[in-house]
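**Student:** Those protein sequence lines, which keep their order, are chains A and B.
Under the working numbering, the first residue of the first sequence carries the number 17, and numbering increases by one thereafter.
Under the working numbering, the first residue of the second sequence carries the number 8, and numbering increases by one thereafter.
Take the hints with a grain of salt, since some may be wrong.
[Said to hold, decoys possible] Which residues of chain A face chain B? A partial, calculated answer using Cβ under 10 Å: (1) Ala-45; (2) Ser-52; (3) Ala-55; (4) Trp-60; (5) Phe-65; (6) Arg-69; (7) Arg-79; (8) Ala-80.
Bear in mind the hints are in silico, worked out from the structure with no lab data behind them.
From the three backbone atoms N, C-alpha and C, an ideal C-beta is built for every residue, glycine too.
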Amino acid sequence: MRHRQTVAVVVAAVSLSMASHCASSGGPATQISFGSDVARQGLWREAAFRFERAIAAEPKNARAHNNLAVALEATGDFARALDEYKKALELAPSDNYIRRNYARFAEFYTSYTRTTGKAAGGP
Amino acid sequence: MALNRLETFIEPGALRSPAPPARLRGGIAGLTAIALLSAAACSSVSQVRLKLPLKPRLPLRGNEKIVLAPFLIVTEADKARDKRLQNVDLQGEFHRFLKRQIEKKTKLEVVEAPADLKLPTQSLAELGRATEFWRALGASTGGEILVSGSLEFRVEDRSGYKTEEYVSPINGQTYYRQVYVEQSGFLFDIVFLVFDGRSGERLLQDEFKDFRQTGASSRADELQGLFENLFSLENQILNLFVAREREADRYLFTS
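Kindly produce the complete structure, drawing on both the sequences and the hints.
**Tutor:** Dropping the structure here:
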């Protein structure tokens, strides 16, 4: 009987925790999910807008910063993409996906700025 | 030391709480699985392919008159040794390739250089400094952009012993062993020199290299090798004159 109560309490606690997590991250999570959907259809400006909304709701969301960086890269705004990749990496320094994205972008951006002689895509 | 002593006075298992019954263990395991699954779902990632713009290396209007002058051929010495290279008219093939690519993929107007045009030197460094020569060529042809440089094409044998890691299936230990790796192929190295037809000044110098492996035993055709090299460098070569695109993969979090 006592164990059954314990199971019930644990289940309730986990459910509550998951529900509150979903509620609290519902905004940014929905924006990221929608943004990534439209990004895969090539609608990068809409995607960037969604990722910006996710960041506005949760400024320390590394995934949103990473996605915004990718969207900015896709639209040619490389200077801002660099900033966003850096923020994402600061927030999640051990995330392999973000690290790989940043490394690949850095390689491209270095040759791009070497080619044009300026931080193109910037203001 | 203190810990060791403590352990001797505590009955083994006395600090452990009693094991939960099987049903509770099952419930906890289930919840853990759900939590792990939801965490995995939360961090799902997809790969997207971007097309990144590459700006032209030269600041051109796009419709300039361009003269393709001869290139210095670096492999003449090798040609005598390797009979396979004797069949390749490197100057002619490269000129034809470059002309066709420029005419097809840019709006530049290709102006033929005089057939008897001879370069003033066989040194690449001196060629880059031959301002008078280039200015005269620009004036005589009306070319605004003059292209020259050097070409190197050779069969390269990179075979040799290489050290590789080897994990023994018997004792699981890692050893290092020497293995002979056969690797031969065609190496193509182009140095581009681009000059201003009016001033004769050098606008750009850039080098592109490509190595195409022919495989361990196959004896690939040298012309085929040359064009494989050229096609792989096509994007970079054209990017000297016009904007190009480059594909790149990135990771996107989906939730």
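**Student:** Could you run down the list of hints and mark each one as holding or not?
**Tutor:** Results of checking the hints against the structure:
1. Ala-45: Holds - the Cβ of A/Ala-45 comes within 10 Å of chain B, reaching about 6 Å at its closest.
2. Ser-52: Since chain B brings a Cβ to about 4 Å from A/Ser-52, closer than 10 Å, the hint holds.
3. Ala-55: Hint on A/Ala-55: holds, closest Cβ of chain B at ~6 Å, below 10 Å.
4. Trp-60: It holds, given that the least Cβ distance between A/Trp-60 and chain B is near 9 Å, below 10 Å.
5. Phe-65: Violated: closest Cβ of chain B sits about 15 Å from A/Phe-65, beyond 10 Å.
6. Arg-69: Hint on A/Arg-69: violated, closest Cβ of chain B at ~15 Å, above 10 Å.
7. Arg-79: holds (4 Å)
8. Ala-80: Because about 8 Å separates A/Ala-80 from the closest Cβ in chain B, which is inside the 10 Å limit, the hint holds.
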